[in-house]
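Could you build the full structure based on these sequences and the hints that come with them?
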Amino acid sequence: MEESTPKYQTFVVNSAKYKTLYTKKFETRKKWERPNPFEIRSYIPGTVLKMCVKTGQEVKEGECLLILEAMKMENKIEMPFDGKIKEIHVEEGVKIPKDVIMVTIE
Amino acid sequence: MSLKRNILDLRKRKQEVQLGGGEKAIEKQVAMGKKTARERIMSILDEDSFHEYDLFVEHTARDFDMDKKVLHGDGVIIGTGTIYNQPVCIYAQDFTVAGGSLGLMHARKITKIMDHALKMRVPLIGINDSGGARIQEGVNSLAGYGEIFYRNTKASGVIPQISVILGPCAGGAVYSPALTDFVFVVENISKMFITGPSVIKTVLGEEISMEELGGARVHSEITGNAHFFAESEDQCFDQIKSLISFIPWNNTQKARKFPPQEPTSSLNVEEIVPSDPRRPYDIRDIIRAVSDSSEFLEIMENFARNIVIGFGRIKGETVGFVANQPKYLAGVLDCDSSDKAARFIRYCDSFNIPIVTLEDMPGYLPGVDQEHAGVIRHGAKLLYAYSEATVPKITVILRKAYGGGYIAMNSRHLGADFVFAWPTAEIAVMGPEGAANIVFRKEIAEAENPDEVRKQKIEEYKEKFANPFVAAAKGYIDEVIEPAETRARLIHSLSLSDNKVDARPAKKHGIPPF
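Protein chains in written order, with the UniProt record's numbering: chain H, 1 to 106; chain C, 1 to 514.
Hints are computed from structural coordinates only; laboratory data are not their basis. These numbers were taken from a predicted model, which means no experiment stands behind them. One should not assume that every hint holds.
When the alpha-carbon atoms are kept at most 25 Å apart in a straight line, the in silico SDA-like pairs for lysine to any residue are as follows [to be verified]:
1) K17/H to F440/C
2) K34/C to E231/C
3) K30/H to A373/C
4) K76/H to V199/C
Just a sample of chain H residues kept apart from chain C, beta carbon distances all over 12 Å, derived [what the hints assert, rightly or not]:
5) E39
6) K84
7) E87
Heads up, incomplete: computed chain H residues facing chain C, CB under 8 Å, no partners named [as the list claims (entries may be wrong)]:
8) F11
9) N14
10) S15
11) A16
12) Y18
13) Y22
14) T23
15) K25
16) R29
17) K30
18) W32
19) P45
20) K95
21) P97
A virtual CB, placed ideally from N, CA and C, is assigned to each residue, including glycine.
Dropping the structure here:
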C-alpha cells in the first residue's frame with residue numbers, strides 16, 4: 001500500500017518544474033560518465049588469465065596488454081594507441097566483474 | 001464381474017500415478033510453501049471440471065540408467081476444464097516428479113495440449129515449476145523447448161496465453177512465458193533467470209541470491225517480465241480469474257459483456273485533478289471514476305509506473321486503458337513506459353478490445369541514459385502500436401499534451417476515432433516554460449530584468465497556446481468537454497464504434513521496432 005501523504009520530488013522537463021514521485025529504477029539509474037581513454041576497463045566479467053605487460057613498459061598500438069578469459073573465450077585486450085603502462089590494477093588469476101579498471105596507460 | 005475388476009484396476013492405477021512423485025516429495029513441496037501441481041489446477045478451474053489427458057504417459061529415456069526410473073506422468077499434468085463455465089486448456093509442471101524437469105515426453109504432453117488449445121480456439125494456461133531441461137535426455141529436452149516456443153508464437157494473438165510461474169523457471173524454460181501474453185508471479189515462490197546464481201558466482205564471481213536475481217519483485221519492478229504480482233498462490237489464482245473475466249476466448253470474439261453498472265466513485269475532478277498542470281494526482285482515480293463499479297484491473301502495476309495500463313468495463317464492455325500517471329515521474333514517456341503501453345495496445349488490438357487513452361504528460365524523459373537506452377527505438381513502438389491498431393480508439397486529454405508525446409498518445413494523427421479534451425487541456429508543441437525560453441530568447445536576454453520578462457512571456461504563451469482551443473480550431477480534437485461528461489462521451493463513442501470498419505493494406509506482417 002502507498003503512504004497516504006507521499007513526499008513529492010521536483011522533476012524538471014523542458015524548464016517546467018513538476019511535483020511527482022520518483023520510481024526506484026529512476027533513482028538507481030547510472031549517471032553517464034565520459035569514458036577515459038587512459039583507463040582500460042573490463043568490457044565483460046571474467047578471469048585475468050595472463051598479463052602481457054609490466055608497469056612502465058612502452059607498448060605499441062594493437063599489442064597485447066592481457067588475456068581476459070570470459071564465457072569460455074580467451075579475449076586478447078589490446079593497446080588502443082602507442083603509449084606507456086602507468087599502472088596495473090589486476091594480477092593473473094583474479095576474477096573481475098565488468099567495467100573494472102585493469103590497466104592505466106599514458 | 002470382470003468389468004468391475006477392470007474398473008477397480010483403473011482406479012488403482014490412476015490413484016498411484018496421480019500421487020506424482022509420492023508422499024515424501026509432496027511433503028517437501030508443501031514445506032516450500034507451494035501447492036502441488038494438481039491442487040493448483042483445481043484452484044484455477046471450476047470445481048470438478050478438470051479432465052486429465054495423458055496421465056499414463058511415461059518417459060522414453062534410456063541413458064544414465066533412466067530406463068530403470070519411473071516418472072509418473074513424466075512430471076507434467078495436462079488437460080482441459082472450465083473457468084466461468086467456459087472451456088480452457090491447462091498444464092502444470094509437477095516439481096515432485098524429477099523436479100518437474102523437461103524431457104521429450106514431458107514436452108510432448110505440453111505441445112499436445114497447446115495444439116489442442118489452438119485448434120479449439122480456447123485460452124491456454126501454463127503453470128511453470130521446473131528445474132529446467134532434463135540433462136539425462138540431452139538434446140531431446142532442447143527440442144522440447146523449441147517445439148513449445150514455436151507453438152507459443154503460432155498461437156500468439158489467436159488465443160489468450162497465460163503463464164503462471166510457481167517455482168523455478170530457469171534457462172531456456174523462461175522463454176515460453178516470455179512469449180505469452182500475461183505472466184503471473186508470486187513472492188518467494190517464483191524464480192526466473194537465464195543463468196542461476198551458482199553459475200554467475202563461478203563464472204563471474206558475482207554473488208546474488210535467487211530472489212535478488214530473478215524473484216517475483218525483480219520481474220515486477222525492474223525487468224518488466226511479469227504482469228501480475230501476488231503475495232500468495234491463492235491471490236495469484238484470484239488474479240488469473242479476474243483477468244480471464246475481462247478478455248475474450250479467442251481473437252474472433254469479443255470479451256464477455258457484463259450487466260452495465262454505474263461507477264461507485266463519482267468523478268469529482270476539482271478534488272482529484274489539481275488545476276496547476278505541474279501538480280501530481282493519481283490517474284487511476286480518474287480511470288475508476290469512469291469505469292463500471294469503479295473496477296480497474298491494473299497490469300504491470302509496479303513496472304514503469306509513469307504509465308498505467310489495464311482493463312475496466314464501460315457499460316458492461318471491456319476496454320483497455322492506457323493512461324499517463326502524473327504521480328510518477330510526472331507521467332513522462334520513456335523507454336520502459338513506451339514498451340509497456342505498446343505491447344498492451346497490441347494485445348487489445350489482437351483481441352478486439354477498444355482502447356481508451358487518458359493523456360496528461362509533459363513529453364519524453366530527458367537524459368543520457370534514456371537516449372543511450374534507445375528511447376527512439378522504444379518510443380517508436382508506441383507510435384507503431386497505436387497507428388496499427390484498428391479497434392475503437394478514444395483519447396481524452398486531461399491536462400498536458402506536449403510535443404512528441406502528444407502525437408504518440410493516440411492523437412487524431414495516428415488514427416484516433418474520437419479525441420476529447422477537458423478545458424484544462426494544454427495541447428502545444430511544448431510546455432509554456434520551455435517554449436517561452438526558446439521563442440522569446442532574444443527579448444529575455446536583452447531585457448533589463450530577464451526573470452520578470454521571462455515570467456511575463458511564459459504567461460503570454462500560456463494564454464495563447466496552453467489550451468485546447470488552438471487544436472480544436474484545426475479539428476485535431478473533436479470536442480472540448482466538461483470533465484463530468486467524460487464517462488457519457490466514452491459510452492457514446494463505444495456504442496458508435498460497435499461496427500467499426502478500418503482496414504489496413506494486406507501484408508504478411510509489419511516490421512515493428514522490436
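Unsatisfied constraints (hint numbers, rising) = none
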